[in-house]
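Q: Sequence:
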Amino acid sequence: MNIPDNLTLYSTVHGHGANGLAFYRYADQDGFGVHLDARRESFGKPFVESYWLDALPDQRFPTLLALQLAAEALTDDQVAAERGKYPQIRNSRPVGERSYQNKCRLCPREDARPGALIVYLARNWNPVTDHRAELCERHKDMADDPAGLDTAIKAEVARRAAKAAPFLESLRSAACPDR
401 MNIPDNLTLY
411 STVHGHGANG
421 LAFYRYADQD
431 GFGVHLDARR
441 ESFGKPFVES
451 YWLDALPDQR
461 FPTLLALQLA
471 AEALTDDQVA
481 AERGKYPQIR
491 NSRPVGERSY
501 QNKCRLCPRE
511 DARPGALIVY
521 LARNWNPVTD
531 HRAELCERHK
541 DMADDPAGLD
551 TAIKAEVARR
561 AAKAAPFLES
571 LRSAACPDR
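In the working numbering, each number is its position in the sequence shown, counted from 1, plus 400.
Rather than coming from a laboratory, the hints here were simulated on the basis of the structure. The model shown is predicted, which means the values in this text are computed figures rather than measured ones. Wrong hints could be hidden among the right ones.
What the hints assert, rightly or not - Taking lysine-lysine pairs in the DSBU-like style, the calculated list, with each CA pair at most 30 Å apart, reads:
| no. | residue 1 | residue 2 |
| --- | --- | --- |
| 1 | 445 | 503 |
| 2 | 485 | 503 |
| 3 | 563 | 503 |
| 4 | 540 | 563 |
When you get a sec, could you build the whole thing from the sequences and use the hints?
A: Structure representation (structure tokens):
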């Protein structure tokens with residue numbers, strides 16, 4: 401597997417806490433499965449970077465070059481075998497008793513039902529990238545079909561993005577009238 405030098409990584413998650421704690425997570429969108437985690441423990445400390453690849457389970461690398469060198473040894477069959485293991489359900493549990501309920505991830509927002517089952521959908525070996533979804537009584541059977549659940553979540557995300565597109569474009573036009 402050859403990973404290009406000019407690979408672009410896009411921000412996926414970030415956060416910060418007290419005393420300068422900060423973390424950032426990036427991933428490529430070109431299908432290579434490259435991820436970068438950057439973490440700082442406190443103000444004045446440098447960020448510590450860690451690269452990892454979907455196709456190399458439980459391995460982290462200090463630089464992109466080290467990851468590229470490790471990935472060169474992978475055959476297409478090895479990459480396909482590792483990717484073939486996912487998606488899968490890593491964990492699921494009933495919602496249980498609580499004072500609030502999230503809505504089902506697959507129902508349209510207009511008539512979303514309360515969640516009955518919480519499912520953690522694994523898309524690769526690293527649990528930090530799992531997708532957490534609550535499913536209502538009508539959709540909870542999707543927990544038995546990880547590939548179907550992944551497809552349904554992606555379809556619902558695309559539907560919501562298409563619905564929000566005109567509003568987002570109006571915001572962009574208002575912010576940059578010269579466009």
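Q: Sort out which numbered hints this structure fails and list those numbers smallest first.
A: 1
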